[in-house]
Each structure stands twice: as structure tokens, then as C-alpha cells.
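> One letter stands for each residue in the lines below.
Number of protein chains: 6
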Amino acid sequence: MAESIERFIKEREELNNIVLEKGGKTIKRFFNLDTNAYKDGAFPAKIKESLGLVASMVLRCDDCINYHLLQSRKEGVSDEEMDEIFSIALVVGGSIVIPHLRRAYAIWEELKTIQY
Amino acid sequence: MAESIERFIKEREELNNIVLEKGGKTIKRFFNLDTNAYKDGAFPAKIKESLGLVASMVLRCDDCINYHLLQSRKEGVSDEEMDEIFSIALVVGGSIVIPHLRRAYAIWEELKTIQY
Amino acid sequence: MAESIERFIKEREELNNIVLEKGGKTIKRFFNLDTNAYKDGAFPAKIKESLGLVASMVLRCDDCINYHLLQSRKEGVSDEEMDEIFSIALVVGGSIVIPHLRRAYAIWEELKTIQY
Amino acid sequence: MAESIERFIKEREELNNIVLEKGGKTIKRFFNLDTNAYKDGAFPAKIKESLGLVASMVLRCDDCINYHLLQSRKEGVSDEEMDEIFSIALVVGGSIVIPHLRRAYAIWEELKTIQY
Amino acid sequence: MAESIERFIKEREELNNIVLEKGGKTIKRFFNLDTNAYKDGAFPAKIKESLGLVASMVLRCDDCINYHLLQSRKEGVSDEEMDEIFSIALVVGGSIVIPHLRRAYAIWEELKTIQY
Amino acid sequence: MAESIERFIKEREELNNIVLEKGGKTIKRFFNLDTNAYKDGAFPAKIKESLGLVASMVLRCDDCINYHLLQSRKEGVSDEEMDEIFSIALVVGGSIVIPHLRRAYAIWEELKTIQY
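Protein sequence lines correspond, in order, to chains A, B, C, D, E and F. Quick note, in our numbering, the first sequence goes up one by one and the last residue is 116. Quick note, in our numbering, the second sequence goes up one by one and the last residue is 116. Quick note, in our numbering, the third sequence goes up one by one and the last residue is 116. Quick note, in our numbering, the fourth sequence goes up one by one and the last residue is 116. Quick note, in our numbering, the fifth sequence goes up one by one and the last residue is 116. Quick note, in our numbering, the sixth sequence goes up one by one and the last residue is 116.
Since the hints were derived computationally from the structure, they do not count as laboratory data. Note that the coordinates shown come from a computational prediction; the quantities given were computed from them, not determined experimentally. A portion of the hints provided could be inaccurate.
No more than 25 Å apart at the CA atoms, straight line, and that leaves these computed lysine-lysine pairs for BS3-like [as the list claims (entries may be wrong)]:
| id | chain 1 | residue 1 | chain 2 | residue 2 |
| --- | --- | --- | --- | --- |
| 1 | B | K28 | B | K10 |
| 2 | D | K22 | C | K22 |
| 3 | B | K39 | C | K22 |
| 4 | B | K10 | A | K112 |
| 5 | A | K46 | C | K28 |
| 6 | E | K28 | B | K112 |
| 7 | D | K22 | E | K74 |
| 8 | C | K28 | D | K112 |
Just the calculated beta-carbon pair ranges, DEER-fashion [as the list claims (entries may be wrong)]:
| id | chain 1 | residue 1 | chain 2 | residue 2 | range |
| --- | --- | --- | --- | --- | --- |
| 9 | B | I18 | F | E3 | 23 to 33 Å |
| 10 | B | D40 | C | G76 | 45 to 55 Å |
| 11 | B | I18 | D | N16 | 44 to 54 Å |
| 12 | E | E3 | A | E109 | 30 to 40 Å |
Not close to chain A: a few residues of chain C, all C-beta gaps over 12 Å, as computed [claimed, not checked]:
| id | residue |
| --- | --- |
| 13 | I9 |
| 14 | L20 |
| 15 | K48 |
| 16 | K74 |
Ideal Cβ placement from N, Cα and C applies to all residues, glycine included.
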């Protein structure tokens, strides 16, 4: 059932290892900046993940969407909240977001079957 | 032969079912708006599908391209007309459209082998 | 001081009047859908404006950014929260977001000088 | 009244002269390819301009939109047809297309006041 | 080991054959223009491939990235140079480039195992 | 004559001052990363500016293009080399790059009239 998200997590980790082994200073610093941007601050991490998710959806990046869906699940985003994030992404980005929206709904359902 | 387009249609339908089951009011209304935009009007549906296709190509959305290719076939777009849609998409969008153009030509040929 | 945002509001209104006078059913329904997407729901309007803002920034749409900055100001987004929205937009969207970020910081300061 | 479109045409011509004076073989050949793509073929020039316009709108290029609006006017696109092109562009591209849509409606009205 | 890049080359060739068999004059001329743009000139082909690669990365086109990685390898781009191309692509394009960056690092390593 | 580029430089500096005064840690670190990415390394600064320029052109960011044109001029990019950068940007990004290309040619000519 939860195969596709687990395969995604595994592949992401393997490829990240190559990047962090081979990548130079700019790459490593960027990855650091990226990680820190989603930590609790004036906004809690949950809202920041929602911001990262809506940005990923309008830019139509499936891997980025999957990652922020996973983090959103961990941070306790509810179904109703997720539907509102999806709605704003769809209205802002238009029908070209739909293929990503379809996959996002399926991944979101799948995430409910996983224990952390 | 026509396996790839049929798998696309089946997956699209399955995922659409999840969206329409789980999605709220904004999502459903958007899907409605999207469907209605391509119906016969001042322009016939055939031309509207061509407009949707060229938009999908320059935005580089494979699923959107496949769907509008399928509809264009049903609406009777000819090979010569399709070549002109492809040409405008390529000139407007540039060489980054080429990977999508390659797949679109292959799907277009495949669609000729299917009966509706 | 606050001239540029007031000119933006005035021009936006004038042009919206043309769209709503001339635009057909699809255009009007879309505008409706767009307005409703940012109303209080599972997320308060303030968070929804933040979602709309980050989406507008990564898609690099100055008019959309200005509008959501204005709404964010009305909904009480703080300077610290705004800095976090800007940071996520910059990290997700990269240095091509910087010209829009520069203008957004200036508009945000300008908005503090206006009474509603 | 028709000042903004006439200024656009003049500036476009002046800048095109620089490009064609300074640009090398690839630039010149591309410009040639671009011009030929919109000539009468299996589709009449009018439909090709509509295809170019919808592509320009979803890619949010104001200069490209202005140019294709001008050509569409010359080719006899009706108000009803233009509304359908605008509707498809808005549905496909989402609310980030709206600022361009607003300006496009205004230019389209302005074009009606010009004699060729 | 080097399976994924070889499968990419084979599929690309097969699909290109369809395009060149079915495509009209505009398509063929564009392909020609595209090929010529990367030949030795004021800049050597190696630098031109680097330009094509960075453009492909910020536009997030995996097939384009793979092709320019392959050509860059043939033209003798070093690991240090590749890391700088990747760094600029990441800084300009932002974190949405990361999924493509991950795959690009893996393909770049894979290319070292192939003889031409 | 050289007014437009000088106004660009002045406005950019004024707005950057606001960003660096108001912006938090993530913003400042990103600006730092951005500056460092274009310094001499395995590739000389001149080539890195060319990479930044082509990326800015295909992403259609006028401010980014102006900045890299200015830096390219300082690093000694020749007219022939600039024409090749422009050609690759045009072929990769398509005709929607043309409005930016037109302005870039004009700015490039203007830059020749300025002493540093």
C-alpha cells in the first residue's frame, strides 16, 4: 500500500548521499539553508511546511510536493487544511497543476497508512 | 501497441476518482470550470482543444498534453494541423519543449491505432 | 510616500472593472472562485494570504505579490512572519526571486505608512 | 486613447532593428522561423494567432500578448472568440494570469479604436 | 551500471526518428538551429554545453539535462567545473532544482563508467 | 544615453539596502551564497557570469539579465561571445525570450558607452 512513498524516501536518501559526498561548499550551504528555513520560528514548522507545499505545487515539482506532504503529515496538518492548501495551489497555478494535485491526493491518503 | 495511452487513461480516471471523492467545493468547481471551457462556443471544441494543447506544450505538462492529444484526435484534428500546433509550441517554448514534442509525436501515432 | 501602492490599487480596480464588464461566464466564475479561496476556513484568512503570497513570489508575479502583501497587512501578518514567508520564497525559488523580493520589502515598508 | 499600443509598436520596431543589425545567424534564422510559423497553412493565420496568444498568456509575456492581440485584431478575431481564448488561458494558467488578462482586455478595447 | 544513461540515449534516438520522419519544415529547421547553436565558435563547444546545461537545469528539464551532461562529458568538463555549473543552477533556480540536481550528480558519476 | 542602466544600478542599490537592513538570517546568507557563486574558481568569473546570464534569460528576469550584462561587460565578454550566449538562450527558451533579448541587445550597446 504505502510502497510508493517509501520508495520515494529511500531513493531521495540515496541520491542525497551522492550530492553531499560530491557537492562543494555552495551546494552544502544551500542544503543547510533549505533545512533551516522550515524550522519553528515566528510561524510554527507546520505552517512553514504548508508554505513550502503550496510553492512546490504551483512550481509543479512532484518530488518537492511528496517531501512537504510527508513533513505536513508529521506536523499534523488536517484533511481540511490540506484541502485548502490544494485549493489555493489549484486556483493560483491553474489546471496544469491538476496532474500533480491528483498524485498529491493519492500520496496524502497513502501517508495515513504509515506509522512513524 | 496502444498500451501507453490506455494506461494513461485508466490511471487518470482512478486518480480523478480520489480527487472528486476527497476534494472540497473549490476543487470540484474548478474541475467543472475546466470541463466547460473546452465545449463548443464561438470556437468549435476542436479549436479549443488545439488551444489547450498548445498551452500544455509550452508549459511542459505531459499529462495535460496526452489528454488534449486524445481529445484532438476525437475532434478530428488532422496530421497537418497537428504539425502546425507542434511547430508553434516549439517556436514559442524553445528547445526545452523538445522532450515533450518527441513523446507527443509518438502518442499521436499511437492514437491512430485505437478505435473509440 | 505611499503613492506606489495607491496607484497599484487604483489601476487594479479600473482594469478589474473592464474585465468584469467584458468577461464572460468562465472569467466571472474564476474570479469568484479566486475570491472565495482566501476566506476563513480550516486555516484563518491570514494563513491563506501567506500561502497566496509565497505562491505569487515563487511564480514571480509582482501584481499578485502586491495584492497579497496588502491583504497580509490587513490580516495582521507581523514583520517576523513576513521575513519567514520571504525566506521560504527565496530558498524555494532561488535568486531569480530577488528582484521581486526587493520590491516586496519596499512595498511592505510602504504599507506601514497607510491607514485603512 | 490608442497611445499605449502605438508606443508598444514603435518601441518594438526600434529594438527589433538593433537585434537584426547586431544579431548573428542563429538569431536571424530564429526570427525567420518565428515569422513563418504564423502564416496560413492547414490552419488559417487567424487560428495560428489564437494559438500564439494563448501560449503567450499562460507563459505570461506581456509583449508577446500585445503582439498577438494586434495580429488577432487584424485577422478578424471576434469579441466572443477572444473571450474564449482568454478563458482557456485563465483556466490553464490560473490566477497568476489575471494581471496579464486585465491588461489584455484593456489593450483589446484600445485596438478597436485604431484604423489600419 | 551505466544502464540508465544508455536507455536514455536509445529512447531519445527512437523518438527523434519519429519526429524527423513526421515533422514538417518548421520542426526540422528548429532541430537544425538547435544542433548548430552548440558548435565551436567564439566560445568552444565545451562552454556552450555548459551554457545549455545550466539553462536546462533552471528550467528543470531532465531529458535536456541528461543530454547536456553527456555532451559535457565528451567535451571534457571536469568535476570541479561541473560542481560550479550545478552551484550556479541551484542558486539561480532555488530548491526546486534539487530533485534534478540529485539525478544529475548520479548521471554524472554514471557517465564516468562509460567508454565512447 | 547610458541613463537606463545607471538608473537600474541606483534603484537596485537602494532596494538592496532595504533588504539587507530588514532581512533576517536566511535572506542574508542567501545573498552571500549568491555573491560567492560567481567568483573565480575552476571556471573564471567571466564564464560564471555567462552561465548566470543564460540562466536569467531563459527564466526571463530582466533585472537579473541587466545585472549579468553589466558584470559580463566588466569581465570582458566580447560581442561575438555575447551573441552566442543570446543565441543559446533564444534556442533553449524560445520566442518568449525575444522581448528580453531585444532589451538585452539595447543594454549591451548602452554599456559600451559607460566608463567604470
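> Look at each hint and say if it fits the structure.
Hints, one by one, checked against the model:
no. : hint                      : result
1   : B:K28 x B:K10             : 20 Å, holds
2   : D:K22 x C:K22             : 42 Å, violated
3   : B:K39 x C:K22             : 20 Å, holds
4   : B:K10 x A:K112            : 24 Å, holds
5   : A:K46 x C:K28             : 34 Å, violated
6   : E:K28 x B:K112            : 23 Å, holds
7   : D:K22 x E:K74             : 32 Å, violated
8   : C:K28 x D:K112            : 23 Å, holds
9   : B:I18 x F:E3: 23 to 33 Å  : 57 Å, violated
10  : B:D40 x C:G76: 45 to 55 Å : 48 Å, holds
11  : B:I18 x D:N16: 44 to 54 Å : 50 Å, holds
12  : E:E3 x A:E109: 30 to 40 Å : 33 Å, holds
13  : I9                        : 20 Å, holds
14  : L20                       : 17 Å, holds
15  : K48                       : 6 Å, violated
16  : K74                       : 18 Å, holds
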